[in-house]
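In the working numbering, the protein residues as written are 1 to 85.
You may find that some hints are simply not true.
[What the hints assert, rightly or not] Calculated cross-link-like contacts (lysine-lysine; reagent style DSSO-like; alpha-carbon spacing at most 27 Å):
hint, residue 1, residue 2
1, Lys-56, Lys-40
2, Lys-43, Lys-15
3, Lys-43, Lys-56
4, Lys-15, Lys-40
5, Lys-43, Lys-23
6, Lys-49, Lys-23
[Said to hold, decoys possible] Derived DEER-like restraints, expressed as beta-carbon distance ranges:
hint, residue 1, residue 2, range
7, Lys-56, Phe-79, 45 to 51 Å
8, Arg-47, Arg-20, 33 to 39 Å
9, Arg-20, Gln-61, 49 to 55 Å
10, Glu-45, Arg-8, 26 to 32 Å
11, Thr-6, Lys-56, 34 to 40 Å
12, Arg-41, Arg-19, 22 to 28 Å
13, Lys-49, Gln-24, 38 to 44 Å
14, Phe-57, Asp-9, 19 to 25 Å
Note that these hints are calculated values from the structure, not bench results.
We put the CB at the ideal spot given by N, CA and C, even for glycine.
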Amino acid sequence: MNTSITVRDIDPADKSWLRRHSKQLGVSMEELVRRLIHEKRRKTERRPKPSEAFAKFFGEQHGIESLPLARYSYKPLSFVDEDEK
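I would like the entire structure built from these sequences, with the hints used as guidance.
Take a look at the structure:
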């Protein structure tokens, strides 16, 4: 499956930069653009949260149940005597 993208109205300076760098690397301009896109996607990938990474390797499908989500906070103060309750 081979797909191509046509870019119209590209800045001539950008096109000459692509041409120059693709020639230095010994690849076509299309291949250079593919590599640049791949590198950009790799750099901007979202890192998983620790809980997501744990679930990926030790989740329910691997026989381990995760603890339920809980909110940890201070218990509110109450000035009522225990006898009054």
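Taking the hints in turn, this is what the structure says about them:
1. Lys-56 x Lys-40: Satisfied, since the Cα-Cα distance of roughly 25 Å is no more than 27 Å.
2. Lys-43 x Lys-15: holds (23 Å)
3. Lys-43 x Lys-56: holds (21 Å)
4. Lys-15 x Lys-40: With Cα atoms ~19 Å apart, Lys-15 and Lys-40 stay inside 27 Å; holds.
5. Lys-43 x Lys-23: holds (25 Å)
6. Lys-49 x Lys-23: violated (41 Å)
7. Lys-56 x Phe-79: 45 to 51 Å: holds (47 Å)
8. Arg-47 x Arg-20: 33 to 39 Å: holds (34 Å)
9. Arg-20 x Gln-61: 49 to 55 Å: The hint (49 to 55 Å, Cβ to Cβ) holds, given that Arg-20 and Gln-61 are roughly 50 Å apart.
10. Glu-45 x Arg-8: 26 to 32 Å: Holds, since Glu-45 and Arg-8 (Cβ atoms, about 29 Å apart) stay within the stated range.
11. Thr-6 x Lys-56: 34 to 40 Å: holds (39 Å)
12. Arg-41 x Arg-19: 22 to 28 Å: Once the Cβ atoms are compared, 23 Å apart, the range 22 to 28 Å for Arg-19 and Arg-41 holds.
13. Lys-49 x Gln-24: 38 to 44 Å: holds (40 Å)
14. Phe-57 x Asp-9: 19 to 25 Å: violated (47 Å)
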